[in-house]
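Its first residue numbered 1, the sequence shown is counted upward by one per residue in the numbering used here.
Be aware that a few hints might be false.
Said to hold, decoys possible - Between beta-carbon pairs, the in silico distance windows are:
no.	residue 1	residue 2	range
1	F22	D172	54 to 60 Å
2	F23	V110	42 to 48 Å
3	A160	R261	35 to 41 Å
4	T19	D172	44 to 50 Å
5	L126	L21	38 to 44 Å
6	D49	L25	48 to 54 Å
7	L26	S135	33 to 39 Å
8	F59	A169	51 to 57 Å
9	I65	G92	38 to 44 Å
10	G129	R261	42 to 48 Å
11	R95	A254	31 to 37 Å
12	R13	S135	54 to 60 Å
If you're looking for bench data, these hints aren't it; they were derived computationally from the structure. Idealized CB from N, CA, C, for every residue including glycine.
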Amino acid sequence: MRRHRRGTDRRPRLAIAVTVLFFALLYVPIGVVILFSFNAQKSLTVFKDFSLRWYTEFFHDDALIASLGMSLRVSLVAMAGSMILGVALALGLVRSRSRLGSLAGLIMLVPLITPEIVTGVAAMLLFKGMGITLSTGTVMLAEITFSISYVTVILRSRIAALNPEVEEAAMDLGATRWQALRLVTLPALLPSILASSVLVFALVFDDFVLAYFTTGVDPQPLSVRIYSAIRFGVEPTINAVGTLMLAGSIGLIALALFIPRLFGRRGGLDLLSGK
């Protein structure tokens, strides 16, 4: 009996070692980028002193600042467009009881499992086939189309969990269907809408593959600008840009997971299930 207990109390050393190795390979390179973004000298191998030199150079680089502004504009437009279309589509899929609605719900999952490079190439060929010049507008259209699925998947389960009798009671009291939707349903969905919008903003801001295939010559999104720069060698300024993008993305995702708690709902990973 004691031997059996000793066997069950042993820690899985191999599993722990594999886990530590996995996280080391995943996060140590990121840590190195963050560390050398504060390097006082222009070196990617020798760290001398802490300095904000490369962050200062980034904010004085007109090309990088223009790319940052474009990324912010694309993210904001994609967030707004995907919210409007995603909420409407999620409501339609949940309220529709036909087979077509169920089929449309399955089709909405396809963009989530399709390799993004396939989506990027398809979007580029579509714009080229229609004679549309690649520009900021094409990036916005592609990002909106790609982000709708995320919003719809997050909101569908939340809408399905709503009690339809509340909306029916509002209409019994004299409200029209549109008023019931605006005054009852949408306020109940507000935490999920805000959280998914922040999540979409973070995903679009960091997106590279779709932006690379649908962007024009200039200005380019920040992720594409960074890729173009590192082909000629990694500059310490890129480390600073990457650190800022990482910090911003972590902050936005944390905000998206925390927003439901501000409304008295469960937050965290429950966001992905719409609870």
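Inset, instruction - Please write out, lowest number first, the hints stated earlier that are contradicted by the structure. - result: 2, 3, 4 and 6
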